[in-house]
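Number of protein chains: 2
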Amino acid sequence: MNVLYCLRRAKQFHGSSIASYREHGSTTQPAQALTWNEFYDRVYRAAAYLRDLGIRKGDRVAVWMLNSHEYLELYYATALAGIVIVPLNTRWHESDVDFTLKDSDAAALIVDDRFAPSVANLALAPRVIYAGQGACPGGMIPYSYSESHQVNQDTFEEPDEQDLVGLFYTSGTTGGPKGVMLTHRNLWSNLLYSMLVNLRKGVWLHSAPMFHLADLTSIYTITASGGTHCFLPTFDPEECMRLIERYRVTDTVLVPTMLNMVIHSPSFGKYDLSSLIAFLYGASPMPTPLINAAMSKLPTTQFRQGYGMTEASPLLTLLEFEDHSSDAVTSAGKPVFGTEVRVVDDFDRDVPVGQSGEIIARGANIMKGYWKRPEITAEVLRGGWLHTGDMGRFDQNGFLYILDRKKDMIKPGGENVYTPEVESMVAAHPAVLEVAVIGVADEKWGEAIRAVVARRPGAELSETELIVWCRERMTHFKCPSSVVFVDTLPKGGTGKIQKAVLRDQYGQPDRSTSA
Amino acid sequence: MNVLYCLRRAKQFHGSSIASYREHGSTTQPAQALTWNEFYDRVYRAAAYLRDLGIRKGDRVAVWMLNSHEYLELYYATALAGIVIVPLNTRWHESDVDFTLKDSDAAALIVDDRFAPSVANLALAPRVIYAGQGACPGGMIPYSYSESHQVNQDTFEEPDEQDLVGLFYTSGTTGGPKGVMLTHRNLWSNLLYSMLVNLRKGVWLHSAPMFHLADLTSIYTITASGGTHCFLPTFDPEECMRLIERYRVTDTVLVPTMLNMVIHSPSFGKYDLSSLIAFLYGASPMPTPLINAAMSKLPTTQFRQGYGMTEASPLLTLLEFEDHSSDAVTSAGKPVFGTEVRVVDDFDRDVPVGQSGEIIARGANIMKGYWKRPEITAEVLRGGWLHTGDMGRFDQNGFLYILDRKKDMIKPGGENVYTPEVESMVAAHPAVLEVAVIGVADEKWGEAIRAVVARRPGAELSETELIVWCRERMTHFKCPSSVVFVDTLPKGGTGKIQKAVLRDQYGQPDRSTSA
Numbered sequence: 001m002n003v004l005y006c007l008r009r010a011k012q013f014h015g016s017s018i019a020s021y022r023e024h025g026s027t028t029q030p031a032q033a034l035t036w037n038e039f040y041d042r043v044y045r046a047a048a049y050l051r052d053l054g055i056r057k058g059d060r061v062a063v064w065m066l067n068s069h070e071y072l073e074l075y076y077a078t079a080l081a082g083i084v085i086v087p088l089n090t091r092w093h094e095s096d097v098d099f100t101l102k103d104s105d106a107a108a109l110i111v112d113d114r115f116a117p118s119v120a121n122l123a124l125a126p127r128v129i130y131a132g133q134g135a136c137p138g139g140m141i142p143y144s145y146s147e148s149h150q151v152n153q154d155t156f157e158e159p160d161e162q163d164l165v166g167l168f169y170t171s172g173t174t175g176g177p178k179g180v181m182l183t184h185r186n187l188w189s190n191l192l193y194s195m196l197v198n199l200r201k202g203v204w205l206h207s208a209p210m211f212h213l214a215d216l217t218s219i220y221t222i223t224a225s226g227g228t229h230c231f232l233p234t235f236d237p238e239e240c241m242r243l244i245e246r247y248r249v250t251d252t253v254l255v256p257t258m259l260n261m262v263i264h265s266p267s268f269g270k271y272d273l274s275s276l277i278a279f280l281y282g283a284s285p286m287p288t289p290l291i292n293a294a295m296s297k298l299p300t301t302q303f304r305q306g307y308g309m310t311e312a313s314p315l316l317t318l319l320e321f322e323d324h325s326s327d328a329v330t331s332a333g334k335p336v337f338g339t340e341v342r343v344v345d346d347f348d349r350d351v352p353v354g355q356s357g358e359i360i361a362r363g364a365n366i367m368k369g370y371w372k373r374p375e376i377t378a379e380v381l382r383g384g385w386l387h388t389g390d391m392g393r394f395d396q397n398g399f400l401y402i403l404d405r406k407k408d409m410i411k412p413g414g415e416n417v418y419t420p421e422v423e424s425m426v427a428a429h430p431a432v433l434e435v436a437v438i439g440v441a442d443e444k445w446g447e448a449i450r451a452v453v454a455r456r457p458g459a460e461l462s463e464t465e466l467i468v469w470c471r472e473r474m475t476h477f478k479c480p481s482s483v484v485f486v487d488t489l490p491k492g493g494t495g496k497i498q499k500a501v502l503r504d505q506y507g508q509p510d511r512s513t514s515a
Numbered sequence: 001m002n003v004l005y006c007l008r009r010a011k012q013f014h015g016s017s018i019a020s021y022r023e024h025g026s027t028t029q030p031a032q033a034l035t036w037n038e039f040y041d042r043v044y045r046a047a048a049y050l051r052d053l054g055i056r057k058g059d060r061v062a063v064w065m066l067n068s069h070e071y072l073e074l075y076y077a078t079a080l081a082g083i084v085i086v087p088l089n090t091r092w093h094e095s096d097v098d099f100t101l102k103d104s105d106a107a108a109l110i111v112d113d114r115f116a117p118s119v120a121n122l123a124l125a126p127r128v129i130y131a132g133q134g135a136c137p138g139g140m141i142p143y144s145y146s147e148s149h150q151v152n153q154d155t156f157e158e159p160d161e162q163d164l165v166g167l168f169y170t171s172g173t174t175g176g177p178k179g180v181m182l183t184h185r186n187l188w189s190n191l192l193y194s195m196l197v198n199l200r201k202g203v204w205l206h207s208a209p210m211f212h213l214a215d216l217t218s219i220y221t222i223t224a225s226g227g228t229h230c231f232l233p234t235f236d237p238e239e240c241m242r243l244i245e246r247y248r249v250t251d252t253v254l255v256p257t258m259l260n261m262v263i264h265s266p267s268f269g270k271y272d273l274s275s276l277i278a279f280l281y282g283a284s285p286m287p288t289p290l291i292n293a294a295m296s297k298l299p300t301t302q303f304r305q306g307y308g309m310t311e312a313s314p315l316l317t318l319l320e321f322e323d324h325s326s327d328a329v330t331s332a333g334k335p336v337f338g339t340e341v342r343v344v345d346d347f348d349r350d351v352p353v354g355q356s357g358e359i360i361a362r363g364a365n366i367m368k369g370y371w372k373r374p375e376i377t378a379e380v381l382r383g384g385w386l387h388t389g390d391m392g393r394f395d396q397n398g399f400l401y402i403l404d405r406k407k408d409m410i411k412p413g414g415e416n417v418y419t420p421e422v423e424s425m426v427a428a429h430p431a432v433l434e435v436a437v438i439g440v441a442d443e444k445w446g447e448a449i450r451a452v453v454a455r456r457p458g459a460e461l462s463e464t465e466l467i468v469w470c471r472e473r474m475t476h477f478k479c480p481s482s483v484v485f486v487d488t489l490p491k492g493g494t495g496k497i498q499k500a501v502l503r504d505q506y507g508q509p510d511r512s513t514s515a
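Residue numbers (the working numbering), protein chains in the order written: chain A, 1 to 515; chain D, 1 to 515.
Source of the hints: derived by calculation from the structure; they are not laboratory data. Take these hints with a grain of salt, some might be off.
Because identical chains cannot be distinguished in the list, a pair is counted as satisfied if it fits within a single copy or across any two copies.
20 Å max Cα-Cα, derived SDA-like pairs, lysine to any residue [said to hold, decoys possible]:
no. : residue 1 : residue 2
1   : K270      : A293
2   : K444      : D160
3   : K368      : E463
4   : K11       : R349
5   : K491      : P117
6   : K57       : K368
7   : K270      : S481
8   : K201      : E320
9   : K444      : R8
10  : K368      : D160
11  : K201      : D160
12  : K11       : V344
13  : K11       : V351
14  : K297      : Y40
15  : K11       : F156
16  : K201      : D323
17  : K372      : G384
18  : K57       : E245
19  : K368      : S462
20  : K11       : N397
21  : K297      : P509
22  : K368      : E161
23  : K102      : L502
24  : K270      : E460
25  : K499      : S481
26  : K270      : G398
27  : K11       : E340
28  : K368      : W385
29  : K491      : D350
None of the values given here were measured: they were computed from a predicted structure.
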C-alpha cells in the first residue's frame with residue numbers, strides 16, 4: 001500500500017468535489033477552486049515535469065515554502081515520481097537549511113515568494129525551483145508545467161511500500177538534527193489509524209505548518225475521503241478565523257500556542273466559526289485553563305488531543321472529546337488503534353499500572369530509521385520498539401499521562417529544542433562561565449526556554465544582551481526567552497549539573513527566585 | 001502487524017470486560033462469562049498445550065467444529081503458537097474432509113461433539129484432538145490444558161506479518177477446491193478496513209459458521225474493540241433470536257438464506273431483538289423483497305451488505321445502511337477504504353463507467369496465494385490484481401453492481417459450488433448421457449442447483465433417484481435440488497454446451513418449461 005491510494009480514491013469517487021482552494025497572490029480575486037479530477041491531472045503533470053528536469057527516483061528534493069496549494073501538490077507529485085520530499089521548517093535559520101540540504105544531499109530546493117530572497121544567504125544551494133506567484137527570479141527554474149506534461153498513469157511505476165516518502169528533520173529523542181525516514185507503509189498506517197478516529201469528508205484548513213507532521217496526516221486523510229483543502233500561508237489568528245468562516249472549515253489542527261492566540265484574539269467573535277466540527281491539538285502540553293476556555297468559547301466544536309512524534313508518523317495516542325470532561329483531561333488519551341504503547345523500566349520491562357517509566361511504541365507507523373544514522377537508529381529502535389525518550393504512566397483506565405522528557409528537550413510552540421544545542425550556543429559567549437537550559441511553563445508558547453547562567457568573574461552581561469546575541473546566531477525559536485543569573489550551578493557527585501534542582505528553583509514563569 | 005494485536009489490546013484496555021459466553025453443554029446452567037484477562041490467559045495456555053503435543057510452528061491443524069468459545073480460542077491459540085489453522089466446512093461430506101486433510105498435510109484434526117463420531121468415516125485421519133463437552137473418546141487426545149500450561153508472553157516469538165494464519169478452502173474463482181493462504185498482513189488489513197466501517201465495542205453473535213470468512217472478520221474486530229463474543233453452534237432461526245434476546249446482541253452477520261428463515265419464522269415477534277444495532281449480510285445476492293421485509297420488521301437495525309470473497313480476507317465493497325433507501329439498494333455498495341476495485345475488459349483495461357467487465361481488486365487484504373497451486377495463483381493474481389471472476393459495473397456514483405459470475409459458480413446459501421464438480425458427479429450416473437448444471441433463484445437459499453440432464457437412450461432415471469444418488473456420494477449442498485430432463489442439450493459451434501440458452505429456458509424456479 002502507498003499514499004498515492006488516497007489520490008486515486010479521491011479521483012475515483014469524488015472527482016467533481018472541490019479538492020483545493022488555490023490562492024494566487026491576489027487578495028481581491030477569490031481563490032481558484034480545483035476539483036479532484038483537476039488536482040489529479042495537475043499532480044501527474046507536475047510529477048512528469050520534475051522527472052523532465054532530470055530529478056530521478058530516490059533523489060531528495062527540499063521544499064522551503066509556506067502553506068499553499070502548491071505545497072500539497074508537491075507532496076503528491078514527489079511521491080508519484082518516486083522523489084523523496086524534504087520539507088524544511090519555515091522558522092529555521094539559514095544555517096539549519098544549509099545543514100539539511102547537505103545532510104540530505106538534496107538534488108533541488110523548491111521555494112516560494114517568502115523564501116526565494118533567502119536563497120542568496122545560503123552557503124550551499126542546489127538547483128532552485130521557484131514555485132511562487134510572481135516572475136521567476138534569475139537563476140531559478142520556474143515550477144511551470146503544461147498540458148504537454150500530461151502523462152499516462154502507467155508512466156510511473158507503483159512505489160514499493162518500503163520506499164521513502166520523505167525525510168522529516170527533527171531533533172528527535174536523541175541529540176542533534178536528523179532526517180526521520182518515513183515510508184509509504186509508515187504514512188499509510190498512520191492515515192488508517194487516524195481515519196479510525198475521523199472518517200468524515202470535511203473541509204480542512206492547513207493552519208499549522210505543512211512541513212510539520214501535526215498537519216501532514218490531513219494531507220492524506222482529507223484527500224482519501226475526498227474532502228477539501230484550504231491554506232493559511234503563515235499563522236495569524238485573525239486570518240485563521242477569516243478563512244474558517246470563508247470556506248466553512250470543518251476541521252483543523254493547531255498547537256496550543258496558536259489556539260491560545262485565536263481564542264484570546266481581539267477579533268474573536270467577529271467571525272462565524274460554527275462550521276468547525278472537530279479540532280485537533282497537540283505537539284506540546286495544553287494548559288488546562290486554556291483548553292477549558294477554548295471549549296467554552298467554541299461550544300459546538302469537538303476537541304481532540306493527539307500525542308505523537310515525527311518518528312511515529314506521528315500519532316500514538318489520542319484524547320477523545322468525550323474524555324475532556326473527565327479527570328483524564330490532563331492525560332494524552334489512549335493509544336490509537338494500530339499502535340502499541342507501553343511504559344517500561346530501563347530494561348524495557350513493563351512497569352505496573354500507575355507507575356512511571358519510559359514510553360515505548362511499536363507499529364507499522366514507526367519510522368524506518370534516521371537518515372544515515374545507523375547507530376542512533378539502532379539505539380532508538382532497539383528490540384523493535386521506538387524509545388520515545390518521554391516519561392509517562394498509564395492509569396487504570398488506560399489513559400497515558402506524559403510526565404517528563406527523559407531526554408533533555410523543550411518544546412516552545414510545538415518545536416523540539418534539544419537543550420545541549422542551546423547550551424552550546426550560550427556557552428560560546430565570552431562572558432559565560434557555565435550554563436544550563438531548562439523549560440518553563442508559558443501561557444503563550446506552552447513551554448519557553450530559560451537559560452540559567454553563571455558569568456565569568458568580573459564579566460558583565462545582561463539578559464537582553466545574551467538573548468540578542470543568541471538570536472543573531474541561531475534559529476529564533478531555539479533561543480532563550482529569559483535568562484536567570486546565578487553564582488554557580490548545582491552539581492552532583494560526578495560533576496554533572498543537576499537540572500532537576502534548577503527546575504525546582506528556577507522553573508516558575510515568574511522567576512521569583514531569580515538572582 | 002499481526003492479528004494477535006487484537007488480543008493484546010483487548011487485555012490491555014478491556015481486561016475486565018466480558019470476552020466470551022462459553023456454553024458448556026448444559027441447557028439449564030447459564031453460559032460461563034469469561035473476561036478478556038481470563039480469555040488471554042486461556043489462549044496462552046492453549047497455545048502452550050498445542051506446542052507440548054509436538055505441533056510445531058508452520059504445521060497445519062484442521063478444525064472441524066460447530067461455532068463455540070473453543071473455536072474462537074483456537075483461532076488465537078494457533079496464531080500465537082505459529083500454527084496454521086485449517087477451518088473445515090461443517091456441511092462437507094467426509095470425502096471433502098479427507099481431501100482437505102491430505103491437501104493441507106494436517107498434523108492434527110480438532111473435533112467437537114458434533115464431528116467426533118464422523119472421524120471413523122474418514123479414510124485418512126491424523127492425530128485427533130477432542131474439544132467437546134463430554135468424555136474424550138478412545139484414541140483421541142483431550143483438549144485439556146491446565147495452569148501448568150500458563151506461560152510467559154516471551155515464550156512465543158512474534159509472528160512475521162507474511163506468516164500464514166490459516167488455509168481457508170474454497171472452490172474459488174477457478175475450478176476445484178484449494179486452500180486460500182491468508183497471512184497476518186491480509187487479515188490485519190481486512191480488520192482495519194472493517195473497523196473503518198464499524199468501530200463499536202459490541203456484543204457479537206457468531207450465527208454464521210465460524211469456518212467461513214463472512215464471520216471471521218468479527219473474530220478480530222470484536223476482540224480488538226474489547227467487545228463480547230457469543231455463539232450459535234449451528235444455525236436455527238429460533239435459537240438465533242433467543243440468543244439475541246438473551247445476550248443483548250448488537251451485531252451479527254447472516255447470509256440471505258438465514259435472514260430469510262429468521263424474519264419468516266413463526267417465532268418472529270416472540271423475542272426482543274431491539275438490541276440489534278447493525279446487521280451485516282452478504283455472501284450471495286439478496287432479493288429486494290427480502291431486504292425490504294427485513295428492514296420493515298427490524299426498524300431500528302441498520303442493515304449493511306458486504307461483498308467479498310475468501311481471497312480478499314474477505315471484504316471488498318460495502319453497501320451502507322443509508323444507501324438501502326436509494327436506487328443503489330440493488331448494488332453491492334462501494335469499495336471499502338483500503339481496497340482498490342476496478343472493472344476491466346479481457347486485457348485488464350478499465351471499461352467506462354456504466355459498462356460491464358470483470359471485477360478485479362488490489363490491496364494488502366488480498367491473499368498470498370493458493371496453497372501448493374502456483375499456476376492458479378499466478379493466473380488469478382496476474383499483474384498484481386485479484387481476478388474475481390465476477391462480472392460487474394460501476395455506476396456514476398461509484399456503486400458497484402454484481403452482474404454475473406464470469407466463471408461457472410452457484411452459491412446455494414452462500415457456499416461456492418463450482419458447477420463442473422457437480423456435473424462430473426451427475427455424469428457418473430450410468431443412465432446420464434450429458435448434463436449441464438445451472439443456478440436458479442431460490443427464496444430460501446438465494447440460489448439453488450438445477451441439473452439439466454439428457455438420459456441415455458432407453459435408460460430410466462427419475463428426478464428423485466438422481467438427487468438421492470448424488471447425496472450418497474457428495475456434500476449435500478453441492479447436490480442438485482431439482483432436475484430437468486431434456487432430449488438433448490443445446491450446443492454452440494465448437495460443441496460447447498450453451499449454458500446461457502439453458503438459463504433462459506430452465507432458469508425459472510417454477511420449471512414451467514421442464515420436460
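Under a CA distance limit of 20 Å, which applies to K297 and Y40: within one copy, between copies, both, or neither?
-> This pair counts as neither: shortest intra-copy Cα distance 38 Å, inter-copy 45 Å.
State whether the alpha carbon distance between K11 and E340 is at most 20 Å within one copy, between copies, both, or neither.
-> between (33 Å within a copy, 12 Å between copies)
Homo-oligomer pair classification [R349, K11; C-alpha up to 20 Å] = Between copies only: 17 Å across, 47 Å inside.
Within, between, both or neither, where K57 and K368 count as close if Cα-Cα is 20 Å or less | within (18 Å within a copy, 28 Å between copies)
Between copies, within a copy, both or neither: which fits K368 and D160 at Cα up to 20 Å?
-> Classified as both: same-chain Cα gap 13 Å, cross-chain 17 Å, threshold 20 Å.
Intra/inter-copy verdict for K368 and W385 if alpha-carbon distance must be at most 20 Å | Classified as within: same-chain Cα gap 12 Å, cross-chain 27 Å, threshold 20 Å.
Go through the copies and call it for K372 and G384: within, between, both or neither, with a Cα cutoff of 20 Å.
-> within (19 Å within a copy, 33 Å between copies)
How would you label the pair K11, V351 (within, between, both, or neither) given a Cα cut-off of 20 Å?
-> between (48 Å within a copy, 16 Å between copies)
Tell me, please, which holds for K11 and N397 at an alpha-carbon limit of 20 Å: within, between, both or neither?
-> For K11 and N397, only the inter-copy Cα distance (12 Å) is at most 20 Å; the intra-copy one is 42 Å.
Identical-chain pair category, K444 with D160, by Cα at 20 Å | Neither: 43 Å inside a chain and 46 Å across chains, both beyond 20 Å.
Status of S481 relative to K270 across identical chains (alpha carbons, at most 20 Å) = Close neither inside one copy (32 Å) nor across copies (73 Å); limit 20 Å.
Intra/inter-copy verdict for K297 and P509 if alpha-carbon distance must be at most 20 Å | neither (26 Å within a copy, 65 Å between copies)
Of the hints listed earlier, those the structure fails to meet are numbers 2, 3, 5, 7, 9, 11, 14, 18, 19, 21, 23, 24, 26, 29, in rising order.
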